[in-house]
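Asker: Chain residues, written in single-letter form:
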Amino acid sequence: MSIAFYIAAAIAIFSTIMVITRFNIMHALLYLIVSLLSVAVIFYLYGAPFMAALEVIIYAGAIMVLIIFFVMMLNLGPETTRTEKQWLKPGMWMLPALLCLVLLIELAYLIAQNKAPSTGITPVAPKEVGRSLFGPYILAVELSAMLLMAGIVGAYHLGRQKKKILHRFFESNVS
Amino acid sequence: MNIHPTTAGMTLAGILFVLGLISILIRRNMIFMLLSVEIMLNAAGLAFIVASSHWAQPDGQVMFMFILSMAAAEVSVGLALILQLYHQLKSLDSDEASRMRG
Numbered sequence: 001m002s003i004a005f006y007i008a009a010a011i012a013i014f015s016t017i018m019v020i021t022r023f024n025i026m027h028a029l030l031y032l033i034v035s036l037l038s039v040a041v042i043f044y045l046y047g048a049p050f051m052a053a054l055e056v057i058i059y060a061g062a063i064m065v066l067i068i069f070f071v072m073m074l075n076l077g078p079e080t081t082r083t084e085k086q087w088l089k090p091g092m093w094m095l096p097a098l099l100c101l102v103l104l105i106e107l108a109y110l111i112a113q114n115k116a117p118s119t120g121i122t123p124v125a126p127k128e129v130g131r132s133l134f135g136p137y138i139l140a141v142e143l144s145a146m147l148l149m150a151g152i153v154g155a156y157h158l159g160r161q162k163k164k165i166l167h168r169f170f171e172s173n174v175s
Numbered sequence: 176m177n178i179h180p181t182t183a184g185m186t187l188a189g190i191l192f193v194l195g196l197i198s199i200l201i202r203r204n205m206i207f208m209l210l211s212v213e214i215m216l217n218a219a220g221l222a223f224i225v226a227s228s229h230w231a232q233p234d235g236q237v238m239f240m241f242i243l244s245m246a247a248a249e250v251s252v253g254l255a256l257i258l259q260l261y262h263q264l265k266s267l268d269s270d271e272a273s274r275m276r277g
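Protein chains in written order, with this note's numbering: chain A, 1 to 175; chain B, 176 to 277.
For the record, the hints were derived by calculation from the structure and aren't laboratory data.
Predicted, not measured: the structure shown is a model, and the values here were computed from it.
Some clues are possibly wrong.
Unchecked claim - Residues from chain A shown here face chain B by an in silico Cβ test under 8 Å; the list is partial: (1) Ile13; (2) Met18; (3) His27; (4) Val65; (5) Ile68; (6) Met72; (7) Ile111; (8) Gly151.
Built from N, CA and C at the ideal position, the CB exists for glycine as well.
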């Protein structure tokens, strides 16, 4: 296995260990994003570039942004600015940024090198994946669409705030 | 440094999965437990990608896309549930929610 795999794997394991040992949720999220990016580099090494792009866009992009929004929504108040300043000390984001930089250099090197993957790895083109997705797996695609719909409806239903009751006289009528 | 790529990838997936499992066992904060589920799902996806490249079949990547959509739905519903529990209990400790009476 090439040296690039070992660098990316070491970054993935190190940042995952940092995720599970942090006490502050924002620091853990920073390291989790680094871990997902390094796993994306490993996907690229294993001949799945489209899945690497999906990992960066959906996992490290959409899902992490959702969790960050949620964490910031939970502690509203005047002390939010102070805690945010405390969270974003340079010492805290330096190490994740450095790890990201290593991953970026590694990915740029791999793309510029442009040689065949190491022995034992056969790249699978996105075309075959799409053909398989809309051929034998079409039922599963529709099922996952229904799952996402159920997720949207469930999140809306659960996240809704209860209506404020104006007076206790109306209590029995409203509820 | 001459390990077979499938062995190396599967070992990495196993290590990441065990780290997520350890995290979900030792943490009591509900957001951290959700993050550990994400780590474990990601490790499972890595195992699928490695298997896909080992047998040169697209099925593993198809499975990874399903894991991705499932993780998105799971995170949205899980965060909404945590929000409701936080409004009820004023805390993110999962032990607080051990007794749910209706």
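Asker: Could you run down the list of hints and mark each one as holding or not?
Answerer: Hints and how they fare:
no.: 1; hint: Ile13; verdict: holds (6 Å)
no.: 2; hint: Met18; verdict: violated (10 Å)
no.: 3; hint: His27; verdict: violated (12 Å)
no.: 4; hint: Val65; verdict: violated (11 Å)
no.: 5; hint: Ile68; verdict: violated (11 Å)
no.: 6; hint: Met72; verdict: violated (12 Å)
no.: 7; hint: Ile111; verdict: violated (18 Å)
no.: 8; hint: Gly151; verdict: holds (3 Å)
Against the hints set out earlier in the document, violations occur for numbers 2, 3, 4, 5, 6 and 7.
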